[in-house]
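Chains as they are written, first to last, in the working numbering: chain A, 865 to 976; chain B, 13 to 127.
There may be inaccurate statements among the hints.
[To be verified] With a straight-line Cα cutoff of 16 Å, these simulated EDC-like cross-link-like pairs (lysine to aspartate or glutamate) come out: (1) B:K53 x A:D948; (2) B:K76 x B:D100; (3) B:K78 x B:E64; (4) A:K865 x B:E71.
If you're looking for bench data, these hints aren't it; they were derived computationally from the structure.
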Amino acid sequence: KQEVTQIPAALSVPEGENLVLNCSFTDSAIYNLQWFRQDPGKGLTSLLLIQSSQREQTSGRLNASLDKSSGRSTLYIAASQPGDSATYLCAVGRGGSEKLVFGKGTKLTVNP
Amino acid sequence: GAVVSQHPSRVICKSGTSVKIECRSLDFQATTMFWYRQFPKQSLMLMATSNEGSKATYEQGVEKDKFLINHASLTLSTLTVTSAHPEDSSFYICSAFRQGATEAFFGQGTRLTVV
Chain A
865 KQEVTQIPAA LSVPEGENLV LNCSFTDSAI YNLQWFRQDP GKGLTSLLLI QSSQREQTSG
925 RLNASLDKSS GRSTLYIAAS QPGDSATYLC AVGRGGSEKL VFGKGTKLTV NP
Chain B
13 GAVVSQHPSR VICKSGTSVK IECRSLDFQA TTMFWYRQFP KQSLMLMATS NEGSKATYEQ
73 GVEKDKFLIN HASLTLSTLT VTSAHPEDSS FYICSAFRQG ATEAFFGQGT RLTVV
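With the rest of the complex left out, here is chain A (with noise of 0.2 Å):
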């Protein structure tokens, strides 16, 4: 049974500073990765999807790696600003499905 493992739960920092956020999961034959910002009471918006044979997504101050022999991603935020703060979450996806595995999240504070 796939389980997916997000360190730290929670985060804080100063605004400007450089971040990784950390996913391992246990499974290593995923289908995609997907790094999911969630706001309170919101749904959730998709940040970076890592397909199985990828090792990066970059969108803007975002970064995502994957290595999926050892079951781990980071998300990799520069120059945080107080915007990013939100809860994020990491997801696989089963293989050839389109389910996804979640972790608890991490729960980012930026603080001005």
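Given chain A's structure and the hints, the job is docking chain B onto it.
Positioned in the frame of chain A, the structure of chain B alone reads:
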């Protein structure tokens, strides 16, 4: 990107009543939609897979008679929580997959509170 609309965003109902949540793909056809549930401080958990024109597939531990799913068209899936109880209070969110796409698109979610 593709747009998925979920309604209502927030609902409060009395214990014992039923609540219907709608999930619509606005600009694409979705043969498959997924329903997830998230309890406080927990991860999103898949409840069921909704297939257009056929019965939904439920994950282990999810009561199919309590959580009724209907996917009558290629753009609409509904989740009905029947005889709701306070323990059903949760955040419910749907996702839809566009054929040929590599990612699912999520609705805004529904916060259900049963009193």
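Here is how each hint holds up against the structure:
1. B:K53 x A:D948: Violated. B:K53 to A:D948 sits at ~20 Å, over the 16 Å cutoff.
2. B:K76 x B:D100: holds (14 Å)
3. B:K78 x B:E64: Violated: B:K78 and B:E64 sit about 20 Å apart, past 16 Å.
4. A:K865 x B:E71: holds (13 Å)
Violated hints, in rising order: 1, 3; the structure is consistent with all others.
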